[in-house]
Amino acid sequence: MASYNSSEFRNGLKVMIDGDPYTVIEHDHVRPGKGQAFHRMKIRNLKTGRVVERTYKSGESLEAADVMETDAQYLYNDGEHYHFMNPSNFEQYSVNADSIEDTKQWLKENDMCLVLLWNGNPLSVTPPNFVELRITETDPGLKGDTSGGGGKPATLETGAVVRVPLFIQVDEVIKVDTRTGEYVSRVKE
Amino acid sequence: MNWQPGISRQVLERRAQFLASIRQFFKERDILEVETPLLSHSTNPHPFVPSLIAEYQPHPDVPPTACYLQTSPEFAMKRLLAMGSGSIYQLCKAFRNDFCGKLHNPEFTMLEWYHVGYDHHQLMDEVDAFLKCMLHVPPAERVSYQALFQQHLNTDPLTVETAELKKIIEQQGIEVAIADSELDKDGWLNLAMSHLIEPKLGKTRPVFVYDYPASQAALAKISSHDARLAERFEVYYQGIELGNGFHELSNENEQRKRFKQQLKERERQELPIVPLDENFLKALEHGLPDCAGIAIGIDRLLMIALKKWNIRDVMGFDFDRS
Chain W
1 MASYNSSEFR NGLKVMIDGD PYTVIEHDHV RPGKGQAFHR MKIRNLKTGR VVERTYKSGE
61 SLEAADVMET DAQYLYNDGE HYHFMNPSNF EQYSVNADSI EDTKQWLKEN DMCLVLLWNG
121 NPLSVTPPNF VELRITETDP GLKGDTSGGG GKPATLETGA VVRVPLFIQV DEVIKVDTRT
181 GEYVSRVKE
Chain U
1 MNWQPGISRQ VLERRAQFLA SIRQFFKERD ILEVETPLLS HSTNPHPFVP SLIAEYQPHP
61 DVPPTACYLQ TSPEFAMKRL LAMGSGSIYQ LCKAFRNDFC GKLHNPEFTM LEWYHVGYDH
121 HQLMDEVDAF LKCMLHVPPA ERVSYQALFQ QHLNTDPLTV ETAELKKIIE QQGIEVAIAD
181 SELDKDGWLN LAMSHLIEPK LGKTRPVFVY DYPASQAALA KISSHDARLA ERFEVYYQGI
241 ELGNGFHELS NENEQRKRFK QQLKERERQE LPIVPLDENF LKALEHGLPD CAGIAIGIDR
301 LLMIALKKWN IRDVMGFDFD RS
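Taken in sequence, the protein lines are chains W and U. If you count the first sequence from 1, position 168 lands on 168 in the numbering used here, and the numbers rise without skipping. If you count the second sequence from 1, position 77 lands on 77 in the numbering used here, and the numbers rise without skipping.
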């Protein structure tokens with residue numbers, strides 16, 4: 001595998017550290033007046049999501065991680081695993097439910113997602129920025145309220161719970177921003 | 001390829017005003033502006049101050065000679081001082097054969113000045129006036145290196161054992177992926193300074209840190225009161241190291257001894273061996289007047305004045321665009 005030396009470090013670079021794939025969030029060359037130089041990195045473990053800061057000696061090189069992102073369609077889940085398929089080469093990936101704990105609530109069958117692969121195996125899944133989901137449960141709104149002030153919780157078909165305006169009813173489809181988990185609009189069918 | 005400069009016309013103007021104000025400051029103090037070679041036959045042997053080599057070969061038949069782009073104009077300026085120039089300053093480019101970073105570019109603008117008859121405390125007063133003039137800041141704080149470590153890390157940098165220092169740094173959440181054999185005590189002190197102390201320095205006013213450990217003396221005199229200390233200071237503002245000053249070492253024998261130690265350290269680190277500046281050593285032998293001097297990074301000073309936090313953003317053409 002190729003490796004990068006510290007002059008090649010860039011934000012977003014994928015590198016191997018202690019056997020795990022990491023992405024570089026921030027890096028800087030630090031040289032105290034008349035002292036030894038250091039390379040200071042802020043990195044995210046792509047398996048655990050944990051962010052750590054590490055200092056290397058300047059000039060250190062790190063092995064490149066074979067990490068790539070691919071478009072994949074969400075097919076179905078069997079409770080334990082979530083299954084995706086790359087529609088251009090029909091390659092299928094199954095992802096352990098635990099490793100997508102935070103994102104699985106936005107996954108709707110047939111939606112296109114981004115799957116992060118390490119040595120060909122999925123590490124994480126990024127849902128589309130906006131998803132359209134049907135409401136399965138919410139308190140009836142007050143009659144005549146169309147302003148949306150205040151809001152109420154609503155459960156969506158995937159199990160996600162978002163705050164919606166009072167006028168939104170069960171069975172309606174809404175658009176949600178998955179990055180913030182916030183209601184965007186009602187979707188007319 | 002990108003032909004365009006990295007800064008706006010407005011930043012160019014601010015840069016030009018900045019250089020003009022600096023010259024005005026020294027004119028008012030009757031300190032003479034000088035120029036010295038950027039390209040020289042010798043260079044600073046300090047293992048942590050890496051020089052760029054430029055080959056001099058005026059004709060293909062002439063064997064090339066390695067010359068050095070100066071890491072600072074210090075040695076040549078001291079030759080002027082020894083000649084009897086009186087107090088002098090220089091605004092010039094300096095070069096380091098080193099990585100780029102938020103505060104580092106291989107070529108940068110340096111202000112270096114020497115005040116004859118001053119010690120490092122008197123020079124700190126003058127630097128304070130300079131910063132007030134350039135950045136309109138309140139008077140600087142002053143703290144000794146020892147007191148600074150006691151304040152921030154509750155340890156005495158002069159007596160702490162290396163293993164203990166390492167433990168203190170790791171307890172502060174700094175993960176260090178460097179083999180023990182590659183960091184000596186000064187290495188750990190520098191790591192603590194740059195990672196844990198420096199970012200907190202000078203939030204509201206500049207800070208002078210003075211009396212460094214003698215092992216980090218560089219070109220400073222050893223204190224006559226306490227041989228563990230060097231009469232060296234650094235100035236910080238907004239968490240950025242701006243300059244490094246010395247009550248200048250003038251003893252030729254001591255200077256040669258330090259150069260030899262630095263060459264030995266270069267050998268140990270497998271760094272290229274560089275020729276010593278015998279002209280500079282001769283000048284010290286002739287006699288350097290008692291003086292204090294400082295080098296200030298002008299790009300960093302401009303960064304602070306313009307609130308731009310990457311050195312690229314105050315340079316027309318940083319190294320990537322050069």
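Treat each hint with caution, since some may be false.
What the hints assert, rightly or not - Not everything, but these chain W residues come out facing chain U in the computed CB check (under 10 angstroms): (1) L13; (2) K14; (3) D20; (4) I25; (5) Q36; (6) H39; (7) T55; (8) Y183.
Unchecked claim - With a Cα cut of at most 25 angstroms, we get these calculated BS3-like pairs of lysine-lysine: (9) K132/U x K200/U; (10) K42/W x K102/U; (11) K200/U x K167/U; (12) K34/W x K14/W; (13) K57/W x K27/U; (14) K108/W x K166/U; (15) K104/W x K257/U; (16) K282/U x K57/W; (17) K14/W x K200/U; (18) K93/U x K264/U; (19) K257/U x K42/W; (20) K34/W x K27/U; (21) K34/W x K264/U; (22) K104/W x K34/W; (23) K200/U x K42/W; (24) K108/W x K188/W; (25) K260/U x K185/U; (26) K185/U x K200/U.
Unchecked claim - Covered stretches of chain U, as calculated for chain W (at least 3 residues, CB under 8 angstroms): (27) 92–100; (28) 145–151; (29) 310–318.
Just so you know, these hints were derived from the structure itself, not from any lab. Virtual Cβ for every residue (Gly too), placed ideally from N, Cα, C.
(request) Mind checking the CB of L13/W against every CB in chain U and telling me if the closest is under 10 angstroms? (result) 15 angstroms, violated
(message) If you count the residues of the segment 310–318 of chain U with a beta-carbon closer than 8 angstroms to a beta-carbon of chain W, do you get 3 or more?
(response) violated (count 0)
(message) Would the hint linking K185/U and K200/U be met if the CA-CA limit is 25 angstroms?
(response) Holds, because 22 angstroms separates the two Cα atoms, which is no more than 25 angstroms.
(request) For the pair supplied as a hint, K14/W and K200/U, confirm whether the alpha-carbon distance does not exceed 25 angstroms. (result) Not satisfied, since the Cα-Cα distance of roughly 31 angstroms exceeds 25 angstroms.
(message) Take the shortest C-beta to C-beta distance between K14/W and chain U; is it under 10 angstroms?
(response) Violated - the Cβ of K14/W stays beyond 10 angstroms from chain U, reaching only about 18 angstroms at its closest.
(message) Can you confirm whether the C-alpha distance between K200/U and K42/W stays at or below 25 angstroms?
(response) Since the Cα atoms of K200/U and K42/W sit roughly 19 angstroms apart, the hinted pair holds (cutoff 25 angstroms).
(request) Assess, step by step, whether the Cα of K104/W is no farther than 25 angstroms from the Cα of K257/U, and give holds or violated. (result) With a Cα-Cα distance of about 67 angstroms, the restraint between K104/W and K257/U is violated, given a limit of 25 angstroms.
(request) Take a quick look at whether K108/W and K188/W sit within 25 angstroms of each other, Cα to Cα. (result) Measuring from Cα to Cα gives roughly 18 angstroms; hence the hint holds.
(request) Would you check the hint for K200/U and K167/U, treating anything up to 25 angstroms between C-alpha atoms as holding? (result) Holds: K200/U and K167/U sit about 20 angstroms apart, inside 25 angstroms.
(request) Mind checking the alpha carbons of K34/W and K264/U for me, to see if they're no more than 25 angstroms apart? (result) Distance of about 16 angstroms is within 25 angstroms: holds.
(request) Measure nothing beyond the straight line between the CA atoms of K34/W and K14/W; if it is 25 angstroms or shorter, mark the hint as holding. (result) Distance of about 32 angstroms is beyond 25 angstroms: violated.
(request) Classify the hint on Y183/W as holds or violated, based on whether any CB of chain U lies nearer than 10 angstroms to its CB. (result) Constraint on Y183/W not satisfied, violated at 36 angstroms.
Hint compliance for this structure: hints 1, 2, 3, 4, 8, 12, 13, 14, 15, 16, 17, 18, 19, 20, 22, 28 and 29 are broken, all remaining hints hold.
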